[in-house]
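S.K.: Place chain U on chain P using the hints.
These protein sequences, in sequence, are chains P and U. Taking this note's numbering, the leading residue of the first sequence gets 1, the next gets one more, and so forth. Taking this note's numbering, the leading residue of the second sequence gets 1, the next gets one more, and so forth.
Keep in mind the hints are simulated off the structure, nothing from the lab. One should not assume that every hint holds.
Pairs of lysine to any residue, SDA-like flavour, derived with a Cα cap of 20 Å [claimed, not checked]:
#: 1; chain 1: U; residue 1: K235; chain 2: U; residue 2: A109
#: 2; chain 1: U; residue 1: K134; chain 2: P; residue 2: T6
#: 3; chain 1: P; residue 1: K106; chain 2: U; residue 2: V70
#: 4; chain 1: U; residue 1: K134; chain 2: P; residue 2: S9
Just so you know, these numbers come straight off a predicted model, no measurement behind them.
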Amino acid sequence: MGLTLTWLSVIVLIPLAGLFLKTFELSFDQFWGIVTSRRTLSALKISFGLSFAAACVNLVMGTIIVWALVRYRFPGRRLFDAIVDIPFALPTAVAGVALTQLFAQKGWLGAPLAELGIKVAFTPIGIFVAMVFIGIPFVVRTVQPVLIDLDPEIEEAAASLGANRWHTVFRVIVPSLIPALLTGFALAFARAVGEYGSVIFIAGNLPNVSEIAPLLIVIRLSEFRYADATAIAVVMLLASFIIIFAVNRLQRWAQTRIPTH
Amino acid sequence: MSLQSNLAPSTTQLRAYAPTADLNVASPPQQRQKVRPHTAASKRDLRTEPRPIRSLIVALALIFLTVFVVLPLVVVFASAFSRGVSAYFAALAEPEALSAIQLTLLIAAISVGLNLVFGVIAAWAISKFDFAGKTFLITLIDLPFSVSPVISGLVFVLLFGAQGFFGPWLQAHNIHILFAVPGMALATIFVTFPFVARALIPLMQEQGTQEEEAAISLGASGLQTFFRVTLPNIKWGLLYGVLLCNARAMGEFGAVSVVSGHIRNETNTMPLLVEILYNEYQFVASFAIASLLAMLALITLIVKTILERRLDEGQMVSDD
Numbered sequence: 001m002g003l004t005l006t007w008l009s010v011i012v013l014i015p016l017a018g019l020f021l022k023t024f025e026l027s028f029d030q031f032w033g034i035v036t037s038r039r040t041l042s043a044l045k046i047s048f049g050l051s052f053a054a055a056c057v058n059l060v061m062g063t064i065i066v067w068a069l070v071r072y073r074f075p076g077r078r079l080f081d082a083i084v085d086i087p088f089a090l091p092t093a094v095a096g097v098a099l100t101q102l103f104a105q106k107g108w109l110g111a112p113l114a115e116l117g118i119k120v121a122f123t124p125i126g127i128f129v130a131m132v133f134i135g136i137p138f139v140v141r142t143v144q145p146v147l148i149d150l151d152p153e154i155e156e157a158a159a160s161l162g163a164n165r166w167h168t169v170f171r172v173i174v175p176s177l178i179p180a181l182l183t184g185f186a187l188a189f190a191r192a193v194g195e196y197g198s199v200i201f202i203a204g205n206l207p208n209v210s211e212i213a214p215l216l217i218v219i220r221l222s223e224f225r226y227a228d229a230t231a232i233a234v235v236m237l238l239a240s241f242i243i244i245f246a247v248n249r250l251q252r253w254a255q256t257r258i259p260t261h
Numbered sequence: 001m002s003l004q005s006n007l008a009p010s011t012t013q014l015r016a017y018a019p020t021a022d023l024n025v026a027s028p029p030q031q032r033q034k035v036r037p038h039t040a041a042s043k044r045d046l047r048t049e050p051r052p053i054r055s056l057i058v059a060l061a062l063i064f065l066t067v068f069v070v071l072p073l074v075v076v077f078a079s080a081f082s083r084g085v086s087a088y089f090a091a092l093a094e095p096e097a098l099s100a101i102q103l104t105l106l107i108a109a110i111s112v113g114l115n116l117v118f119g120v121i122a123a124w125a126i127s128k129f130d131f132a133g134k135t136f137l138i139t140l141i142d143l144p145f146s147v148s149p150v151i152s153g154l155v156f157v158l159l160f161g162a163q164g165f166f167g168p169w170l171q172a173h174n175i176h177i178l179f180a181v182p183g184m185a186l187a188t189i190f191v192t193f194p195f196v197a198r199a200l201i202p203l204m205q206e207q208g209t210q211e212e213e214a215a216i217s218l219g220a221s222g223l224q225t226f227f228r229v230t231l232p233n234i235k236w237g238l239l240y241g242v243l244l245c246n247a248r249a250m251g252e253f254g255a256v257s258v259v260s261g262h263i264r265n266e267t268n269t270m271p272l273l274v275e276i277l278y279n280e281y282q283f284v285a286s287f288a289i290a291s292l293l294a295m296l297a298l299i300t301l302i303v304k305t306i307l308e309r310r311l312d313e314g315q316m317v318s319d320d
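Isolated chain P, as found in the complex (with noise of 0.2 Å):
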């Protein structure tokens, strides 16, 4: 118990404090000088916003994907169902260069896509790229057991009162699965908005253009302007917070709506 505590308190509590102390010796206008900087506003919007954007294409793609391994059978159905799992699985830097060698002018999907005259490594629309491979399990792994579980007698009954497929979709099915969606989304939209390795390769990283957030706080570390770098991270951090936050309230308003067992 106690070795619990010191451990924990050793590895992870006092790290935390410590970035939250070093905030402290910042003069509140020094921090706001450095938070609302052009930069670094910019590099926070950048990281947001598609993060959002990002988010958004993995809910519709990811409840695609889930409708298509539960409910289906096709060939190859197991096999899709293990690799939603490799963007966790890969290590991020590998999946940066091979997302930018897949983009780039040259690649594979690079050249077609330059044809059309879409330009994506090395633009904002790479890292749009890179949170969106990213994010795809979280709706998935979110989403997938809760489908799986859904009482098929309610979409019955739905079917045999006279509503038809689209109505018993949008209607019964589609809200019962409104938390997890929901869930999936933030916990996507947080992994994008934090993620570094598979990014900064694709992005460019110009500065106002496509430099996301974590990349200005290594890029202020290397500067050695702590000060500037540790404001960047309290930014970020608290808005995790909020989204962890946000996360757990869905998942009680999600038991309190649907009775588990």
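M.R.: Structure of chain U alone, referenced to chain P:
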């Protein structure tokens, strides 16, 4: 996760956190669908969509997964072997590559070892005892999952860096933590801390304390009870946690990158070397190292699937 969360929803939460996820997802659903054979013919039509829509959904899902997940993986191996097999192995035999592989193994061994011990203790404390501040402890364990890897590295720079809290003292005593192996191991431990504990907590809670109580009432000591009763019961869950912890420890990039200092042949792990070589346009060498990490990921996924099946079987037995 938060202070309010209690333990009951932890399985749902776990799935959300994915790597540790789906410990007990797979089996019951498949059963459920098979249980209703006689209604199948008449009612299946009510529960599915017209054929064109079905095909469309499957096609969309497969195209998306192929483009975003399968292709990047294939690119890694294709690029690694683009100059032939001998260039591939030559790249891996470079001293730089070898030292990176060694360092990665060393750091993974340290962090998996320590997290194994403390993960078991933490899970044991949380699932078998009641005490004040339990939810806080769980929140603390989960925290590293929700923090950006860059921030995980940053906190250690703030502690041990030249301008950090312990920096001057460390310098005075000539102890190197930052830009050296101890700092990289610490950052890795931080990032991988939740895996073992998270894999064990739901399992140990489900098993309850009856067997331990029986052992102790029959005269076993605390340690005997742990090694003879608790440990055998959790061995698959433990292996599962260690597997995921190891995969993350070997592949960690952001946190380690911040604390490593990028000293060639000294503080470069495999993911860091992938970055350096890639930025130097040594694509074959970079992807050769990346292919080793990708193989690690694939093996991890395969073993994980096998372990999940084991865990499900164990659960079904205990359900009866």
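S.K.: Of the hints stated earlier, which fail here?
M.R.: none
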